[in-house]
Structures are given as C-alpha cells and as structure tokens.
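Trainee: Given next are the chains, with one letter for each unit.
2 protein chains.
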Amino acid sequence: QKSDKVLRHVVMFKFKDTATPAQIKSVEDAFRKLPTQIKEIKGYEWGTNNSPEGLAQGFTHCFFLTFNSEADRAIYLPHPDHKAFGKVLGPYLDKVLVVDYWTQK
Amino acid sequence: QKSDKVLRHVVMFKFKDTATPAQIKSVEDAFRKLPTQIKEIKGYEWGTNNSPEGLAQGFTHCFFLTFNSEADRAIYLPHPDHKAFGKVLGPYLDKVLVVDYWTQK
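In order, the protein sequences belong to chains A and B. Residue numbers are given in the working numbering: position 30 of the first sequence equals residue 12, and the series is strictly consecutive. Residue numbers are given in the working numbering: position 103 of the second sequence equals residue 85, and the series is strictly consecutive.
Check before you lean on any hint, since a few could be wrong.
Heads up, the list lumps identical chains together, so a pair's fine if it works in one copy or across two of them.
Unchecked claim - Here are the simulated DSS-like pairs of lysine-lysine, each with C-alpha atoms no more than 30 Å apart in a straight line:
no., residue 1, residue 2
1, K87, K69
2, K87, K65
3, K87, K(-2)
4, K21, K87
5, K7, K(-13)
6, K65, K(-4)
7, K(-13), K24
8, K87, K7
9, K77, K(-2)
10, K(-13), K87
11, K24, K69
12, K(-13), K(-2)
13, K65, K21
It is worth saying that the hints were derived from the structure and are not from the lab. Every value quoted in this text rests on a predicted model; they were computed, and no experiment measured them.
So here's chain A without its partners, still in its complex pose (with noise of 0.2 Å):
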C-alpha cells in the first residue's frame, strides 16, 4: 500500500458505427452500476470526449476508476459482475484501451 497514492484504471471505449444511442445507453448505464456492484472500486466518474485537439483517436467514452491496491484491482478484474459488464459490452464494442497507474504528483 503506497501511502496517500492511490491505483486509477482508465478505460476507455470506441463504439461500432452501427451502435445507437440506446445501446450506448445501456453500457454507460451498466458501467456506472458497476461500483454498487464491487465495493474494491474506491471511485468512479465518466464523461464523453470533447477535445478540440482530434488526437482522441476515435475514442468517445472515459472511464475513470480508483482502486486503493493492486490486489483489490485483482478482485474487480475477474468479479462476475464486472464479467456480465463485458457481456453488455462486447456486441457494440470497437476499440477498447486501458491504462492503470499509481498516482503521482
């Protein structure tokens, strides 16, 4: 455990074109279940991409986790609900990336 730092997973999801709104609803919604769900997830926010830069590289959504060890990371990644997340997921998913870190300052 590393003092005041803290273990973020940043998620990010690209859409197939033929997704629609409702079917992007219903992952954003079962996503957002999720730290009812698993009590090892510490934080949660999200929000759709807005930069003006274009360097988002097709992706639209960012999810942005806390975790407070790697070993409760170890208990979400497997967690049965977080594997019925992935079912919602898969059938409208294009790209998907994922970045963990430590925080630092």
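Assemble chain B onto chain A, guided by the hints.
Mentor: Below, chain B alone, put in the same frame as chain A:
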C-alpha cells in the same frame, strides 16, 4: 460553468523505442512543471502504466489534468509554456492520445 463538474484532460504518450530513460524523464519533469507555469491547470497527476490486461496499445504514460472551464482549456492549449513543453516532447514521441471530458457520476 457546470456546477460541481470539472473538465478533465487525459493525455497518454507512447515514446519512441530509441528514447532513453533520461530523455523520458526530461519530458516527465517538463510536464510536471506546467501547473506552476499555467494557473488555469487546477489539478494534475500522472503515472506509468501497470495494467495487467495488455490493452494499453503501447501507451506507457498517462497525465491527468483538470480545468474548471473550456475557456481555461482554451488558454492552456496555445499557451507559450505548453508549446515549449511540446518542443521538449516532440523528438521522443511516438504516439499521443488526448481525450477530454466533463465529469459525470
């Protein structure tokens, strides 16, 4: 100005294979200095990827900045100190990804 929402600026770098640890550190140090040079940056943290999922697409570094408004972001992007940082980064950069978002819960 959207109430308690803040504007996140998520920047990821993949460095060239030829970039040395010292060169990469010079970029980290230059980025870390920006919040002292550009007051519109309200929050700053960063870290290097340790995700076990293998979905980082080569990105090793994530820098997570916070602005209070899109107007503040519009001051940051063309700011001379930000441009100067770009010059430090340029020779070593292979890939960059930028996604910004207004925070939602």
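Trainee: Are the hints correct? Go through all of them and say.
Mentor: Taking the hints in turn, this is what the structure says about them:
In this homomeric assembly, K87 and K69 come within 30 Å of each other (Cα to Cα) only across copies, at 22 Å, whereas the closest approach inside a single copy is 36 Å. Taking the closest pair of Cα atoms, K87 and K65 come within 30 Å of each other only across two copies (21 Å); inside a single copy the shortest separation is 33 Å, beyond that limit. With identical chains, the CA atoms of K87 and K(-2) are at most 30 Å apart between copies only, with a shortest distance of 24 Å across copies and 36 Å within one. With identical chains, the CA atoms of K21 and K87 are at most 30 Å apart both within one copy (26 Å) and between copies (16 Å).
In this assembly of identical chains, K7 and K(-13) lie within 30 Å of each other by CA distance solely across copies; the values are 20 Å between and 32 Å within a copy. Proximity of K65 and K(-4) under a CA criterion of 30 Å is satisfied in both settings, with 19 Å inside one chain copy and 29 Å between copies. Taking the closest pair of Cα atoms, K(-13) and K24 come within 30 Å of each other both inside a single copy (13 Å) and across two copies (19 Å). When the C-alpha separation of K87 and K7 is checked against a cutoff of 30 Å, the pair qualifies only between copies, where the shortest distance is 14 Å, while the shortest distance within a copy is 34 Å.
Both within a single protomer and between protomers do K77 and K(-2) lie at most 30 Å apart by alpha-carbon distance, with minima of 8 Å and 23 Å respectively. With identical chains, the CA atoms of K(-13) and K87 are at most 30 Å apart both within one copy (9 Å) and between copies (22 Å). Within a single copy, K24 and K69 get their C-alpha atoms as close as 23 Å, which meets the 30 Å cut-off; across copies the closest is 37 Å, which misses it. Taking CA atoms no more than 30 Å apart as the test, K(-13) paired with K(-2) passes between copies only; the shortest distance there is 28 Å, against 35 Å inside one copy.
Taking CA atoms no more than 30 Å apart as the test, K65 paired with K21 passes inside one copy only; the shortest distance there is 15 Å, against 42 Å between copies.
Consistency note: the structure conflicts with none of the earlier hints.
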